[in-house]
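Construct all of the structure, not just a fragment, from the sequences and the given hints.
If you want the building blocks of each chain, they are given just below.
Protein chains: 2
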Amino acid sequence: MIRTALCEAFGIDYPIFAFTPSEHVAAEVSKAGGLGVLGCVRFNDADELDRTLTWMDENTDGKPYGVDVVMPMKVPTEGTSTDLSAYIPDEHTEWVDKALLSMGVPPLPEGEGREGVLGWLHSTARSHVDIALQHRPVLIANALGTPPKDVIDKAHEHGIKVAALAGAPKHAVSHVSNGVDIIVAQGYEAGGHTGEIASMVLQPDIVDAVGPDVPVLGAGGIGSGRQIAASLALGAQGVWTGSIWLGTSEYRNLNTHAGWESAFTRATSADTRRMRIYTGKPARLLKSKWTDAWEAEGSPVPLPMPLQNLLVSDAHNRINAAGDPDVVAMPVGQIVGRMNEVRPVAEVMADLIAEFEATVKRLDAIAEG
Amino acid sequence: MIRTALCEAFGIDYPIFAFTPSEHVAAEVSKAGGLGVLGCVRFNDADELDRTLTWMDENTDGKPYGVDVVMPMKVPTEGTSTDLSAYIPDEHTEWVDKALLSMGVPPLPEGEGREGVLGWLHSTARSHVDIALQHRPVLIANALGTPPKDVIDKAHEHGIKVAALAGAPKHAVSHVSNGVDIIVAQGYEAGGHTGEIASMVLQPDIVDAVGPDVPVLGAGGIGSGRQIAASLALGAQGVWTGSIWLGTSEYRNLNTHAGWESAFTRATSADTRRMRIYTGKPARLLKSKWTDAWEAEGSPVPLPMPLQNLLVSDAHNRINAAGDPDVVAMPVGQIVGRMNEVRPVAEVMADLIAEFEATVKRLDAIAEG
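Here the protein sequences line up with chains L and Y, keeping their order. Counting in the UniProt record's numbering, the first sequence runs without a single skipped number right up to 369 at its last residue. Counting in the UniProt record's numbering, the second sequence runs without a single skipped number right up to 369 at its last residue.
Do not rely on the hints blindly, as some may be mistaken.
[Said to hold, decoys possible] So these bits of chain Y aren't anywhere near chain L, every CB distance computed over 12 Å:
1) R126
2) G145
3) L254
4) S313
5) P344
[To be verified] Pairs of lysine to any residue, SDA-like flavour, derived with a Cα cap of 20 Å:
6) Y:K287 <-> L:G195
7) L:K361 <-> Y:E355
8) L:K361 <-> Y:D364
9) L:K170 <-> Y:K287
10) Y:K361 <-> L:G369
11) Y:K361 <-> L:K287
12) Y:K281 <-> Y:P304
13) L:K287 <-> L:E196
14) Y:K361 <-> L:T4
15) Y:K361 <-> L:A354
16) L:K361 <-> L:A350
17) L:K31 <-> L:W55
18) Y:K281 <-> L:A270
19) L:K361 <-> Y:P212
20) Y:K361 <-> L:E357
21) L:K361 <-> Y:G369
22) Y:K361 <-> L:W55
23) L:K287 <-> L:H316
24) Y:K281 <-> L:E196
25) L:K170 <-> Y:T265
26) Y:K170 <-> Y:T265
27) Y:K170 <-> L:T265
28) Y:K170 <-> Y:G195
29) L:K281 <-> Y:D364
30) L:K361 <-> Y:M1
31) L:K287 <-> L:L101
32) Y:K361 <-> L:A5
33) Y:K170 <-> L:R266
34) L:K361 <-> Y:D208
35) L:K287 <-> L:A321
36) L:K289 <-> L:V301
[What the hints assert, rightly or not] DEER-style ranges, computed between Cβ atoms:
37) L:T265 <-> Y:N253: 45 to 55 Å
38) L:H158 <-> Y:P304: 52 to 62 Å
39) L:A321 <-> Y:E357: 33 to 43 Å
40) Y:K149 <-> L:E297: 38 to 48 Å
Bear in mind the hints are in silico, worked out from the structure with no lab data behind them. We put the beta carbon where it would ideally sit given N, CA and C, even for glycine.
Laid out in structure tokens, this is it:
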């Protein structure tokens with residue numbers, strides 16, 4: 001058993017929160033007693049998100065689920081991808097194309113994959129929230145800073161809790177004073193956007209900074225029951241996991257990259273890089289020829305958010321279509337070293353829980369001498 | 001109680017290993033039931049180390065203690081500091097002097113503090129080992145790579161265990177195959193030399209890589225009982241601590257820096273930098289005007305080990321003599337955010353143990369639902 005106050009608050013069996021862009025993974029986590037949290041950033045089309053959340057409503061056996069949007073506190077330059085692409089220097093576009101060709105990644109067939117990922121835009125994230133409110137999420141998480149006050153208020157009116165990621169205690173305190181209910185303390189080892197303070201230090205620092213009334217989820221480096229026990233030992237009331245679900249059989253429905261499974265099963269915990277190349281802000285990615293190219297001499301300086309993601313989104317599509325395990329553009333945490341085989345979500349969940357229980361028994365023996 | 005197999009192996013009550021350059025801190029930790037480990041790198045004079053270890057023999061109530069030497073696997077260029085200084089470019093020396101003057105750090109009085117820290121030289125570290133063998137340490141730790149085979153053999157002949165730091169699983173495996181008994185898994189958040197993999201991921205990875213017969217000490221980010229519980233949850237059999245002891249009243253005997261206490265009590269976990277400026281290899285330091293200067297435009301590229309430490313050792317002496325809390329050159333981990341007051345070693349030890357026990361009780365309640 002893993003039971004904290006969050007279980008009752010959300011109607012879940014285990015305080016294991018699973019961030020994933022796959023509705024199939026999210027649904028399976030919720031059905032297995034955790035809380036699946038669907039990442040919305042990939043949905044450019046409002047109707048597609050609406051249909052996907054309807055699918056979630058119908059395929060989770062009535063279990064709760066959450067959604068994750070990306071809403072920067074500072075609203076970046078808005079516009080359609082066509083407008084914004086005017087701000088991308090030609091040299092950047094040319095360098096990306098040349099780099100891809102030198103890695104053997106061909107262009108896409110004419111007319112495919114030219115649209116950027118609009119989920120990084122503030123207006124798109126707002127429409128994600130509006131659509132989510134027409135469904136039954138129990139949690140709206142914001143992966144980037146404090147959500148705007150009116151979004152928090154609207155969520156609360158619908159009885160929905162709001163979570164926000166923090167990479168430093170001062171950000172956590174600011175989230176709470178703006179009305180955020182739950183802090184995701186995301187350490188340096190995490191995949192995707194992440195700060196400089198590592199989980200062992202960050203998690204108890206944030207727990208102490210926000211006080212006992214604000215639940216904290218430990219994030220960054222959580223992929224086993226031992227790590228859940230460590231995070232709860234540090235004072236978290238639950239864990240926020242992401243990378244490990246990229247290694248599940250249900251994730252295959254997204255079909256992101258044919259070479260992805262070979263790439264992550266062979267990777268060690270040393271094989272990630274924290275760089276600005278994915279979105280313009282520091283985010284941890286799997287090391288590959290793609291990250292190497294951006295580290296090589298003569299590579300351009302990444303553009304600010306949201307331009308960098310527009311610059312590379314076509315490249316991501318090309319890389320995914322090529323399916324070469326040596327050329328991968330995938331956010332993943334240092335936990336990737338522990339992802340050595342593809343397994344069903346239910347099996348991963350069962351292992352997390354069993355290892356947590358065994359770990360607490362082991363600690364008991366140490367404490368009893 | 002905190003009792004693992006290491007307690008019996010070393011004759012200690014708690015598997016809390018305390019690295020410290022202060023014999024006063026080391027002795028107090030050992031007397032409080034942990035294992036004080038004296039850092040030898042500061043001893044240029046063999047007789048001074050000999051006298052200090054005699055003091056340890058006589059002031060630890062017969063309790064065990066350890067020593068820590070710095071012995072790089074690849075022997076760097078040898079020589080006296082006078083020889084080696086020929087390899088230091090004048091531009092570097094001039095930049096350091098100019099930077100210090102601009103921060104208000106005056107030169108030392110004529111004839112003082114001109115000698116570099118020779119403990120970073122391989123030959124000096126070997127003489128440290130020879131002297132230690134004439135005393136009664138139970139552990140020789142090497143803070144930099146696998147110690148040479150003959151040093152390991154000599155230690156074993158004297159019944160002394162050998163520990164080595166590792167920042168990645170492959171280094172830990174290599175240490176063990178060379179005869180090292182205990183691995184110190186030192187995560188990204190640690191003070192001093194540290195790699196890229198953070199403790200939450202590194203510790204279980206190393207535990208799994210070396211197998212159940214090799215004890216692992218969790219290092220990096222350990223400064224509270226919650227963090228000890230987290231580290232043991234991850235599979236470590238004990239913890240290796242360093243930074244927290246810089247904040248003890250016994251450390252004042254070293255009188256390293258009059259402004260140091262003001263500097264660390266106000267620092268948060270965000271106020272460290274991992275840079276090559278201390279020794280030539282990446283090491284985490286307290287952020288200060290000194291680290292800022294090395295990050296500013298126009299600053300030189302740090303020299304390779306052991307030249308960088310020779311370059312800056314005079315600067316360190318000047319900084320320590322000046323005692324300005326804004327200008328500090330001190331290795332410290334991200335745990336510095338938790339060091340908010342100066343306390344006696346015995347009190348810190350008692351708190352670590354009590355918080356560990358309370359944490360295990362809290363985890364029990366979570367596991368029992």
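Inset, instruction - Kindly indicate which numbered hints from before are broken by the structure, ordering the numbers from low to high. - result: 11, 22, 26, 29 and 39
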